[in-house]
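Keeping their order, the protein sequence lines are chains A and B.
For the first sequence, my numbering assigns the number 1 to the initial residue and increments by one for each residue that follows.
For the second sequence, my numbering assigns the number 1 to the initial residue and increments by one for each residue that follows.
FYI, nobody ran anything at the bench for these hints, they're computed from the structure.
Please read these numbers as outputs of a predicted model, since none were measured by experiment.
Any given hint could turn out to be false.
Said to hold, decoys possible - Pairs of lysine-lysine residues, derived as DSSO-like cross-links and limited to a Cα-Cα distance of at most 30 Å, are as follows: (1) B:Lys237 x A:Lys160; (2) A:Lys86 x A:Lys212; (3) A:Lys55 x A:Lys66; (4) A:Lys107 x B:Lys36; (5) A:Lys158 x A:Lys107; (6) A:Lys184 x A:Lys62; (7) A:Lys72 x A:Lys86; (8) A:Lys184 x A:Lys212; (9) A:Lys62 x A:Lys94; (10) B:Lys36 x A:Lys86; (11) A:Lys16 x A:Lys232; (12) A:Lys94 x B:Lys36; (13) B:Lys237 x A:Lys66; (14) A:Lys16 x B:Lys237; (15) A:Lys160 x A:Lys232; (16) B:Lys237 x A:Lys158; (17) A:Lys118 x A:Lys86; (18) A:Lys55 x B:Lys36; (19) A:Lys223 x A:Lys212; (20) B:Lys237 x A:Lys48; (21) A:Lys62 x B:Lys237; (22) A:Lys64 x A:Lys94; (23) A:Lys160 x A:Lys184; (24) A:Lys212 x A:Lys232; (25) A:Lys160 x A:Lys94; (26) B:Lys237 x A:Lys72; (27) A:Lys212 x A:Lys55; (28) A:Lys48 x A:Lys66; (29) A:Lys212 x A:Lys62; (30) A:Lys94 x A:Lys66; (31) B:Lys237 x A:Lys64; (32) A:Lys107 x A:Lys118; (33) A:Lys48 x A:Lys212.
Stated by the list, open to error - Only part of the chain A face toward chain B is listed, based on derived beta-carbon distances under 8 Å: (34) Ile14; (35) Ala18; (36) Phe80; (37) Lys86; (38) Lys94; (39) Ala185.
In this text, a Cβ means the ideal position worked out from N, Cα and C, and glycines have one as well.
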Amino acid sequence: MSNLLTLDAVSWTIEKQAILSNISFNVAQGDILGIIGPNGAGKTSLLKCLLNQTKNWQGGIKLKNKSISHYKPHELAQTFALVVQKSPPIFELKVYDVVRMGLLPYKALFARDTDIDKKEIMLALEKVGLATSENKFFNTLSGGEQQRVLIAKALVQKAKILVLDEPTNHLDIFYQHQILQLVKALNITVIMTIHDLNLAAQYCTRLVLLNKGRLVSDNTVDKALNPETLSKVFGLPCFRDNVQQHSDSTVAETPRVHFYPNSNTDSPLPSGKSS
Amino acid sequence: MNLFRNIKGRNSWVFFGLLLLTVFSITTAITFGPAKITSLDILQCVVSECATPMHDMVIWQIRVPRVLVGLVAGMGLACAGAILQNVTRNPLADPYLFGIISGAGLGATIATLVLSEEQMLALPLAAFLGALFSVIIVFGIATLLRNMNHLLLTGVAVSFMLGSISHFILYLGDPFATNRVIFWLMGSLTRVEMFHFYLISAMVVITLITIFALHRQIDALLLGDESAASLGVNVDKLRIILLALCAAVTATIVAYCGGIGFVGLMIPHIVRQLVGVTTMPLIVGSALVGGCFLVWVDVLARSALSTVEIPIGIITSAIGSIFFLAIMYRTRKTG
Numbered sequence: 001m002s003n004l005l006t007l008d009a010v011s012w013t014i015e016k017q018a019i020l021s022n023i024s025f026n027v028a029q030g031d032i033l034g035i036i037g038p039n040g041a042g043k044t045s046l047l048k049c050l051l052n053q054t055k056n057w058q059g060g061i062k063l064k065n066k067s068i069s070h071y072k073p074h075e076l077a078q079t080f081a082l083v084v085q086k087s088p089p090i091f092e093l094k095v096y097d098v099v100r101m102g103l104l105p106y107k108a109l110f111a112r113d114t115d116i117d118k119k120e121i122m123l124a125l126e127k128v129g130l131a132t133s134e135n136k137f138f139n140t141l142s143g144g145e146q147q148r149v150l151i152a153k154a155l156v157q158k159a160k161i162l163v164l165d166e167p168t169n170h171l172d173i174f175y176q177h178q179i180l181q182l183v184k185a186l187n188i189t190v191i192m193t194i195h196d197l198n199l200a201a202q203y204c205t206r207l208v209l210l211n212k213g214r215l216v217s218d219n220t221v222d223k224a225l226n227p228e229t230l231s232k233v234f235g236l237p238c239f240r241d242n243v244q245q246h247s248d249s250t251v252a253e254t255p256r257v258h259f260y261p262n263s264n265t266d267s268p269l270p271s272g273k274s275s
Numbered sequence: 001m002n003l004f005r006n007i008k009g010r011n012s013w014v015f016f017g018l019l020l021l022t023v024f025s026i027t028t029a030i031t032f033g034p035a036k037i038t039s040l041d042i043l044q045c046v047v048s049e050c051a052t053p054m055h056d057m058v059i060w061q062i063r064v065p066r067v068l069v070g071l072v073a074g075m076g077l078a079c080a081g082a083i084l085q086n087v088t089r090n091p092l093a094d095p096y097l098f099g100i101i102s103g104a105g106l107g108a109t110i111a112t113l114v115l116s117e118e119q120m121l122a123l124p125l126a127a128f129l130g131a132l133f134s135v136i137i138v139f140g141i142a143t144l145l146r147n148m149n150h151l152l153l154t155g156v157a158v159s160f161m162l163g164s165i166s167h168f169i170l171y172l173g174d175p176f177a178t179n180r181v182i183f184w185l186m187g188s189l190t191r192v193e194m195f196h197f198y199l200i201s202a203m204v205v206i207t208l209i210t211i212f213a214l215h216r217q218i219d220a221l222l223l224g225d226e227s228a229a230s231l232g233v234n235v236d237k238l239r240i241i242l243l244a245l246c247a248a249v250t251a252t253i254v255a256y257c258g259g260i261g262f263v264g265l266m267i268p269h270i271v272r273q274l275v276g277v278t279t280m281p282l283i284v285g286s287a288l289v290g291g292c293f294l295v296w297v298d299v300l301a302r303s304a305l306s307t308v309e310i311p312i313g314i315i316t317s318a319i320g321s322i323f324f325l326a327i328m329y330r331t332r333k334t335g
């Protein structure tokens, strides 16, 4: 598959402290790339560089063989859609108003919404399963529903790459899977930072492991979830097994990792546990 | 209220109602004042000639300018408040929190002491320059702090600083000059002319056109800076353009009408309940409600007491402070 995005020796230093050092990897069309690593590894910082939201990074990021610094902001917005919700909006925005924001990169100054725009917004809401929620207030929705609204906004944005920053944070298990299933079903290129390694294993096609701003590995899920490497990076003994994952007609084996806070024994497993 | 807000097309009816209210406010407000003038007298003045020269003078030279300046000043202050609140995502933001009023006060104080009686026509210009000076200081400090979120807090600090300088100068100065500045700071539409209406209108129109052009970008800010930037918005640039615009329109209004506080805080809160939080309906609604509000406050100011006119800023501040407390009480209850 062709490379959609290429990162070449990306570094970011703030006040002599290296946030990212020499990160290089490619993202191919259709990849679901998970960026994993402990807190402070540089996952969110890397997303900021990808979206060109910071000016001080060094190195090269190419989108379709053209440096992202040569793209205009609205052109980048037509390529990358960011799904992030750090804090709830202060004012009572309606679901429709939030999804409507996705039209922005395509609209000139003074432009009003057309009937086609309105249909597009309703179609996006339908795709994320919120067809009748356009008049609800965003703040009154559950965390999972809010994420779905933001994904609908990304659909209206018609982006080629969906960027999600910790999409499963603060969600219960049901919503975690619901959101990631939805993301997978969209069939577009996805880059997401994610803390839960087993969710990453289930839904990502590739994983990039960062630690202290450095790239530790860039690999397929199977190779990336190496217990020895993960143990070093996360500072905890790690054990791996495989689970069978049943989809429509196939059965696939997905790696699963476990960490145990017992570092005083030779065995990675706490007493009483067996593989 | 929220249920009602969901009805499709409701906003059109709200705006139609507000437009009618605005026309009603303008035509009715002209009839209030010490000289008895009826709606029929006004109609006669509009369609042909006024019945008496006195009517002609009172209507065209005093009341019409006053009502129209009140209308556009209210529009400008309410729009500035609405934009400021959306841009800073702070429901308690008000154009005066930039230190505009204390900056204008300092400009007026210095002008009163330096200029002679004949040169006092330059007082509004001095007030405008003072307001602009204050805004530049606030922006400069916020830029140095590299945090535009601290803009309002910087505004409060600068406001106190400039206020203390003004008070010190007034304390040492001539008591007559002090009286003049204090009366001016309380806000009044007593001395306004049609020229002021044209000037403030021009600023309000520029503000509205800019906001209509940038309404999608302003809406995008409501979901956070990061989200707006990912939609292609240059957040810092947009914020500076809008804050400068709010500062310019407020400084122009303060220069001619004095300190009229809390309009920019109150009106957008009321309008959000009526038409929602997105920029286009919020701005149009704020302009209409703000304009009507100030027209009627001015009517109250000139007719509440038979012997003396109440400075308009006293009334808006009294209503505004109660409103401010009510917002805090509501936030406490829902928070």
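Verification of the supplied hints:
Of the supplied pair hints, the one linking Lys237 (chain B) and Lys160 (chain A) holds, its CA atoms being roughly 27 Å apart against a limit of 30 Å. About 23 Å separates the Cα atoms of Lys86 (chain A) and Lys212 (chain A), which keeps this hinted pair within 30 Å; it holds. For a cut-off of 30 Å, the pair hint linking Lys55 (chain A) to Lys66 (chain A) stands: about 17 Å separates their Cα positions. Taken as a hint, the Lys107 (chain A) and Lys36 (chain B) pair is broken in the structure, with Cα atoms around 53 Å apart against an allowance of 30 Å.
Proximity of Lys158 (chain A) to Lys107 (chain A) is assessed by CA-CA distance (about 13 Å); at most 30 Å being required, the pair is judged to hold. The hinted pair formed by Lys184 (chain A) and Lys62 (chain A) meets the criterion: a straight-line CA distance of about 24 Å does not exceed 30 Å. Restraint check for Lys72 (chain A) and Lys86 (chain A): satisfied, since their Cα atoms lie roughly 26 Å apart, inside the 30 Å limit. For the proposed pair Lys184 (chain A) and Lys212 (chain A), the alpha carbon gap of about 29 Å is at most 30 Å, so the pair holds.
About 36 Å separates the Cα atoms of Lys62 (chain A) and Lys94 (chain A), which puts this hinted pair outside 30 Å; it is violated. Taken as a hint, the Lys36 (chain B) and Lys86 (chain A) pair is broken in the structure, with Cα atoms around 60 Å apart against an allowance of 30 Å. In summary, the hint linking Lys16 (chain A) to Lys232 (chain A) is supported, as the alpha carbons are separated by about 26 Å, within the 30 Å threshold. With a C-alpha separation of about 49 Å, the suggested pair Lys94 (chain A) and Lys36 (chain B) falls outside the 30 Å cut-off, and the hint is violated.
About 25 Å separates the Cα atoms of Lys237 (chain B) and Lys66 (chain A), which keeps this hinted pair within 30 Å; it holds. In summary, the hint linking Lys16 (chain A) to Lys237 (chain B) is supported, as the alpha carbons are separated by about 27 Å, within the 30 Å threshold. With a CA separation close to 35 Å, the supplied pair Lys160 (chain A) and Lys232 (chain A) exceeds the 30 Å bound. Of the pairs offered as hints, the one joining Lys237 (chain B) and Lys158 (chain A) holds, with about 25 Å between alpha carbons and a cut-off of 30 Å not exceeded.
For the given pair, Lys118 (chain A) sits about 27 Å from Lys86 (chain A) by alpha-carbon distance, which is consistent with the 30 Å threshold. Restraint check for Lys55 (chain A) and Lys36 (chain B): the C-alpha separation of about 66 Å exceeds 30 Å, so the hint is violated. Pair hint Lys223 (chain A) plus Lys212 (chain A) holds up; C-alpha atoms about 21 Å apart against a cutoff of 30 Å. For the hint pairing Lys237 (chain B) with Lys48 (chain A), the CA-to-CA distance comes to about 18 Å; that is within 30 Å, so the pair holds.
For the hint pairing Lys62 (chain A) with Lys237 (chain B), the CA-to-CA distance comes to about 26 Å; that is within 30 Å, so the pair holds. Restraint check for Lys64 (chain A) and Lys94 (chain A): not satisfied, since their Cα atoms lie roughly 36 Å apart, outside the 30 Å limit. Of the supplied pair hints, the one linking Lys160 (chain A) and Lys184 (chain A) holds, its CA atoms being roughly 14 Å apart against a limit of 30 Å. Among the hinted pairs, Lys212 (chain A) with Lys232 (chain A) is consistent with the structure: their alpha-carbon atoms are about 12 Å apart, no more than 30 Å.
Between the alpha carbons of Lys160 (chain A) and Lys94 (chain A) the distance comes to roughly 26 Å, so the proposed pair stays at or under 30 Å and holds. As the CA atoms of Lys237 (chain B) and Lys72 (chain A) are separated by approximately 15 Å, the hinted pair is consistent with the 30 Å bound. At most 30 Å may separate the alpha-carbon atoms for a hinted pair to count; Lys212 (chain A) and Lys55 (chain A) meet this at roughly 21 Å. About 18 Å separates the Cα atoms of Lys48 (chain A) and Lys66 (chain A), which keeps this hinted pair within 30 Å; it holds.
For a cut-off of 30 Å, the pair hint linking Lys212 (chain A) to Lys62 (chain A) stands: about 24 Å separates their Cα positions. A distance of roughly 37 Å separates the Cα atoms of Lys94 (chain A) and Lys66 (chain A); the hinted pair therefore is violated under the 30 Å criterion. Distance hint between Lys237 (chain B) and Lys64 (chain A) is fulfilled; the C-alpha atoms sit about 28 Å from each other, no more than 30 Å. Taking the CA atoms of Lys107 (chain A) and Lys118 (chain A), the gap is near 14 Å; set against the 30 Å cutoff, the hint holds.
Straight-line distance between C-alpha atoms of Lys48 (chain A) and Lys212 (chain A) comes to about 16 Å, which keeps the hinted pair within the 30 Å bound. A cut of 8 Å between beta carbons decides the hint on Ile14 (chain A): the least distance to chain B is about 12 Å, and the hint is violated. The criterion of a C-beta within 8 Å of any C-beta in chain B is not met by Ala18 (chain A), whose closest approach is roughly 21 Å, and the hint is violated. Checking Phe80 (chain A) against chain B by beta carbon gives a least distance of about 7 Å; that is within 8 Å, so the hint holds.
The beta carbon of Lys86 (chain A) comes within 6 Å of a beta carbon in chain B, closer than 8 Å, and the hint placing it at the interface holds. For Lys94 (chain A), the interface hint holds, the least distance from its beta-carbon to any beta-carbon of chain B being 7 Å, beneath 8 Å. Contact between Ala185 (chain A) and chain B, as hinted, is not supported at the beta carbon level, the nearest pair being about 22 Å apart and thus beyond 8 Å.
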